[in-house]
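Novice: What follows is the residue order along each chain.
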Amino acid sequence: MKARSVAYIVVALVVIASISIIYVDSQKAKPKVESITVTDDLGRKVVIPLPVKRIVSMDPSNTQMLYGIGAGNLLVADTSYDWWPSNATKLPKVEMDNGTASVEEVVAMSPNLVLATTIQPLQIIDQLQNLSIPVLVFEPANISQIYSDMMTLGNVTAHQSGALKEVNFMKTTIQGIESKISSYPKVSLLYMMWSNPMYTVGPGSFIDSIISDAGGINIADNLSSPYPVIGMEQVVYDNPKAIIVDNGTPVTNISYFKTGNQAPLWHNISAVQNDTILFLNVTESNWMNEPGPLTVYAVQMVADFLYPQAF
Amino acid sequence: MKVSANIFVISLIFLTLFNILVSLSIGPVHIPLNQIVSNIVLYSLHHDTNWTISTILFYIRLPRIVLAVIIGMILGVSGLITQTIFKNPLGDPYLTGVSSGAAVGAAIGFLVSPFLVPVLAFIFAMVAVGISFLISRSDGEVNTEMLILAGVSVSFLFSAVASYIIYLKIYNLRGVLFWLLGGLYGATWSDDFYLFATLLFIFPLIIYFRRELDIMLMGDEQAKSLGVDTGKVKTITLISSSLVTSIAVSIVGIIGFIGLVSPHIGRKLVGESHRFLVFVSPLIGANILLVADTIARSTPQGEIPVGIVTAFIGSPVLIYLLYRRRKM
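Those sequence lines, one after another, are chains U and Y. Take 1 as the starting number for the first sequence in our numbering and just add one per residue. Take 1 as the starting number for the second sequence in our numbering and just add one per residue.
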């Protein structure tokens, strides 16, 4: 009986002692965590503990910006949509079949930053934030927003000089293109994202900003929606001089305009008469649709197409 | 009563013609009225016209307007048949599984090749309808009560399949969301031709059966005692209306509310008798769809799905009718 009481007391003392040691230890070991607060493209203020060592990207556009500023080595997982650079295709994939993040798989990568676009549902972003994983949402609507997003990424990942270098390179390239085409009259253009109904890009969309940077006038600029369906009668009326057909539409070659069942509506349109129609391949479509360092290729491609005489 | 009903039919025909002219002058491209008139005159005299204006008027707007009228009439007739045969004021031509079957076909079509959408939508609509009819057959006759339940169950099943496909492949299915809410974009004169043929099939049929339909309003037992072969009438009219609805849906997608609202408005105007309803309900359908489509193709956001507009117009009308009935 006595021995038992002694044992209890000893155990209790040991427990108390170890708890206090751990407590004191933890007080001592807790370093002042440095953090940075940045605002993302949704206007969310996100606190990110530093240093950022492990990043998960939920969109090819995020991945490319990260590689563009020279911080690609921090990436630990991305999506199966990633294609550039080739290193990005070899990383673990953490999205579900519908393109949204698999929260469990993201958490399993123990990232200290997740990059996302507005494709990710807000619930998933909140869920990750609640698990103390900061999420930055980047949705640049034009090239200058790509610049500011890359600078933000540079600050967060301590790659400020890499970001500045890339942004300056992009700025110089775009200015070079603009100076070459500035003496020519602007060219009206129809961008087909889908044929029937005819989805196109309108004001506020990223592609619309590429078109205007490359010297084009988007005929859908009068519609008040970023991805509107444009009526055929407006196309007939505006008579675009150039047409770009995105990859993945049912329209894959000129025969749709020349001999398809809608051909009578198209045959007098100057883009069709002069064969000024550009069918994007997968890579070119990715340049147009994924804001990031490769956007300069998109601007160059559209400018080449609209002003072959300038280059 | 007879006289006033006749007047209603005639004035609805004139209203439709008037609506066609108004719709022809409205669109995203503003064409002044004098240009429209001069183009119509010159075009009909085979004179040279401004290509842009005449293409817009005669190859984009007019085929689409005609399509709206025909589809509106088909949905108006089918809705009337459905409500009468089911003796259910909520009857809608999609009740037997047409819309959800067509949605599955369309989703698969948009994945495989968008040019297959109409064919696949039609085939899957008929499959869904076929299953509903098979389930609800008893003693060689269609049991309408069973058919409603079978239609609802089959609809849920097919909707689930369609939703699953769309959810997984949303990136490849840009067109499908629009299609699900209906749209008359891309209407051509050949679409008009096929659908007019469809209308020529269903319209004489319902005129032929209009007396039987009147008698069947009194109940099956009464109708049978008056010598109506209710089984035959039900089977023929329901299968035909499902067939023509499937054809309409396969071309323009799922346009709601027309089939539901048109017969109700028709009954308010000319009463329960099918003698006039068979003309009034389709004409009302035509006018509603025409107005709705003119709005849908002329919004500042570009074109919006017409199903959104029909619901905006249809629901308040239906609510008003219910309110009036409550007060009476």
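Just so you know, these hints were derived from the structure itself, not from any lab. Using N, Cα and C, we set each Cβ at its ideal position, and we do this for glycine too. Wrong hints could be hidden among the right ones.
[What the hints assert, rightly or not] The following label-pair restraints were derived from C-beta to C-beta distances:
no., chain 1, residue 1, chain 2, residue 2, range
1, U, G204, Y, N50, 30 to 38 Å
2, Y, L177, U, G204, 49 to 57 Å
3, Y, L116, U, P308, 51 to 59 Å
4, Y, V37, U, R44, 53 to 61 Å
5, Y, Q35, U, G70, 40 to 48 Å
6, Y, G219, U, E104, 26 to 34 Å
7, U, V282, Y, V112, 32 to 40 Å
8, Y, L177, U, S182, 38 to 46 Å
9, U, F169, Y, H47, 18 to 26 Å
10, U, S224, Y, N143, 34 to 42 Å
11, Y, L116, U, T37, 23 to 31 Å
12, Y, V37, U, S80, 53 to 61 Å
13, U, T37, Y, L177, 49 to 57 Å
[Stated by the list, open to error] Under the rule of at most 30 Å between Cα atoms (straight-line distance), these lysine-lysine pairs were calculated in the DSBU-like manner:
no., chain 1, residue 1, chain 2, residue 2
14, Y, K87, Y, K232
15, U, K186, U, K45
16, Y, K169, Y, K268
17, U, K186, U, K171
18, Y, K87, U, K90
19, Y, K224, U, K93
Novice: Within 53 to 61 Å: is that where the Cβ-Cβ distance between V37/Y and R44/U falls?
Specialist: This hint holds: roughly 57 Å between Cβ atoms.
Novice: State, for the Cβ atoms of G204/U and N50/Y, whether the hinted interval 30 to 38 Å holds or is violated.
Specialist: holds, 33 Å
Novice: With the threshold set at 30 Å, check whether the alpha-carbon distance from K87/Y to K90/U stays at or below it.
Specialist: With Cα atoms ~63 Å apart, K87/Y and K90/U exceed 30 Å; violated.
Novice: Taking the Cβ atom of V37/Y and the Cβ atom of S80/U, is their distance within the range 53 to 61 Å?
Specialist: For V37/Y and S80/U the Cβ distance comes to about 58 Å; the hint holds.
Novice: Note whether the CB distance of S224/U and N143/Y lies within 34 to 42 Å or breaks it.
Specialist: violated, 51 Å
Novice: Are T37/U and L177/Y spaced within 49 to 57 Å by their CB atoms?
Specialist: violated, 38 Å
Novice: Please work out if K169/Y and K268/Y have their alpha carbons no farther apart than 30 Å.
Specialist: violated, 45 Å
Novice: Assuming the hint says 40 to 48 Å, is it satisfied by the Cβ distance from Q35/Y to G70/U or not?
Specialist: About 60 Å separates the Cβ atoms of Q35/Y and G70/U, which means 40 to 48 Å is violated.
Novice: Please work out if K87/Y and K232/Y have their alpha carbons no farther apart than 30 Å.
Specialist: holds, 16 Å
Novice: Between K186/U and K171/U, does the CA-CA distance stay at or below 30 Å?
Specialist: Given pair K186/U, K171/U holds - Cα atoms ~21 Å apart, limit 30 Å.
Novice: Assuming the hint says 38 to 46 Å, is it satisfied by the Cβ distance from L177/Y to S182/U or not?
Specialist: holds, 40 Å
Novice: Quick one: are V282/U and V112/Y within 32 to 40 Å, going by C-beta?
Specialist: violated, 19 Å
Checked against the numbered hints above, the structure violates hints 2, 3, 5, 6, 7, 9, 10, 11, 13, 15, 16, 18, 19; every other hint is satisfied.
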